[in-house]
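Peer 1: Each chain is listed here by its residues.
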Amino acid sequence: MERILQLIIVGIFQGSIYGLLAMGLSLQYGVCRVLNITHGEFVMVGAMLTFTLSGLGIHPLLAPVIIGPLLFAIGFVLQSTLFRTLKAWAPSPAAFEGNALLAAFGVMYIMEYIARIRWSGRSYPTFILPDIVSFRGMEFTLNQPVTFAIALALGIAVYLFLSRSRMGRAIRATAEDPGTAGLMGVNTNMILAFTFGLGALLAGVAGTLISIKSSVSTTMGFSNTVIALIVVVLGGLGSVPGSFIAGIIIGIVSRLVAGFWQPVLTVPVYYAMLMILLLVRPTGILGKK
Amino acid sequence: MDITRFISTHRRFLLVGFLLLVVAFVATFPLYTQQSHVRVLTIILIYVVLAVSWAMFSGTTGYMSLAPAAFFGLGIYTMALLQKTLPFPVIIVIASLISFAFALLVGLVTLRLRGIYFAIFTFGLVIFLTELVQFLETRIYHGHGWNITPIDNTTLLYTMLVLVVVTVLVIYFIRRSRYGLALLSIGGNEEAAEHMGINTTRTKVLYFAVSSIFMGAAGVVLAPSIIYINTNIAFSLFYSFMPILMAIFGGMAHLSGPIIGAVIFGYLEKMLRAQWSTYFMLGFGIILVVVILFLPNGIIGLVPTLQGKLGGLMTRLRKGEKGEQHANA
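Those sequence lines, one after another, are chains A and B.
Quick note: the first sequence, position 37, residue 37 per my numbering, numbers continuous.
Quick note: the second sequence, position 139, residue 139 per my numbering, numbers continuous.
Looking at chain A on its own, in the form it has when it is part of the complex:
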């Protein structure tokens, strides 16, 4: 019983990072209509930069202050050049989604292999805060609750930003109906680029959080993309709170499967969940339509 509880709590800690990851992806797809396969590479860049910066004497927990704006800028530029052009030239929205997906593939390869030229393919240890804290007989490394707190705070901040601020309203309006939003005076191109940048920023911070808990390498991007995609579908494409909740569910499931069964079976189990969900409720837990 103790063991199950411990696994669930660790799962929640882990899941909050998945949730952060998926929130970014969900925003990018929900607003910009780009299924951003590159997402995991932004995580990788965030993690690798955290490692590099900590070599320069900057504490990993402070690294997002530098990495966040940088990745935001990359995302902003990507949307306002590549994806905007694709959208302008695409004959139909469906064609745009397909082309954007494939272009994102190209960007994924570019980012991954530029990173490999710089850092090669080996993995770097970046573990910090390894002190053990115990809570009611359960033991955690200190970095787990710390990353959870940061992820949760950031998740709530993004949610409040989207639901309360003027900019957030403009983003939601653009997601709903870009044409009308444009007529109401929203600079939709700016909003799309901003949203894409925000997604990239969230991925970068998630990368920093991952690097605090485990070692990093330039090949970590792809598996993070897969997890983010599964979480996003589980939570409902385009639903931001749904993504966070689904992230936590996936985190708990991954710990339970790894703890009681086989670590290698976590992805197959996600898949089984995804299959059942697609058959029963294709719009996800909190999805609309």
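If you are wondering where the hints come from, they were derived from the structure by calculation, not from laboratory data.
Predicted model, so just to flag it, every value in this text is computed and none were measured.
No residue lacks a Cβ here, since even glycine has one placed at the ideal position from N, Cα and C.
Among chain A residues calculated to face chain B with C-beta under 10 Å, some are:
| # | residue |
| --- | --- |
| 1 | GLU97 |
| 2 | GLY106 |
| 3 | MET111 |
| 4 | TYR113 |
| 5 | PRO268 |
| 6 | MET275 |
Some chain A residues flagged as far from chain B (calculated, every beta-carbon gap over 10 Å):
| # | residue |
| --- | --- |
| 7 | MET1 |
| 8 | GLY168 |
| 9 | GLY182 |
Some chain A residues well away from chain B (every beta-carbon gap over 10 Å; in silico):
| # | residue |
| --- | --- |
| 10 | TYR124 |
| 11 | VAL186 |
| 12 | SER217 |
Once you've looked at the hints, dock chain B against the given chain A.
Peer 2: Frame of chain A; chain B shown alone:
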């Protein structure tokens, strides 16, 4: 005799003749080159099968399948498991059937849904298979990886040649049949296609499965030439992205597009990847982005534009000549 008119009236005969020449060239290829060239040609033919069968489903319907590597890997693994017990052609048939059945299952789950879910699901499918097969491998055989007894390069080339001819013919006839039209109309407007009386779900699932038959079969032929395989080699995502790039680069409006793309990139991959691995993959990404931005219809899409321009140039030249003659007279 006017050469352009001759070409346009006898187009079909010329095309068939040209294809027969290509087949004859491939068939006699081992007679006058070294073994290493034979292997390069075999790999190119494998990519032709992958690209053509990917374009047959995803190119026409617009449902992006990101899982060619899944079926390709199933083929490789079928070869690894059955190589000692069954003859080579039988393994190809079995691998095709396994791919077909697996694709049918995947299609039934995902193709009921519209749009992007299919892309997402197939995207992770390769990882799913990698981990599942790895788990089963350790459970049942207590080890990783398989050695595959090499098969003579010439045999592999001829097997691949037969496979390419079969694939291209089958897909050619599918494209011309009413089912090909059904697939195209799903790509154009799925709702309208359904109202025209097409059972869209059944068509999609069936042809997704048909396209994966060839991918599985191609995997069986690749296996002997790489000698050692494990889950990461067999289910390498590279085999998913390469055919997609080839098909898009070549253009999917015509059957020849993916073939052209496969020949160009198959050759480049074989020549450059081993030495320049990292830079090759970087270039691969850049080319993919550039192609989608500037050549969304591929090389084949350039042909009508070029023809128009060339035609205009020719008539202008001819008119110019005539005008001059007139003036001289």
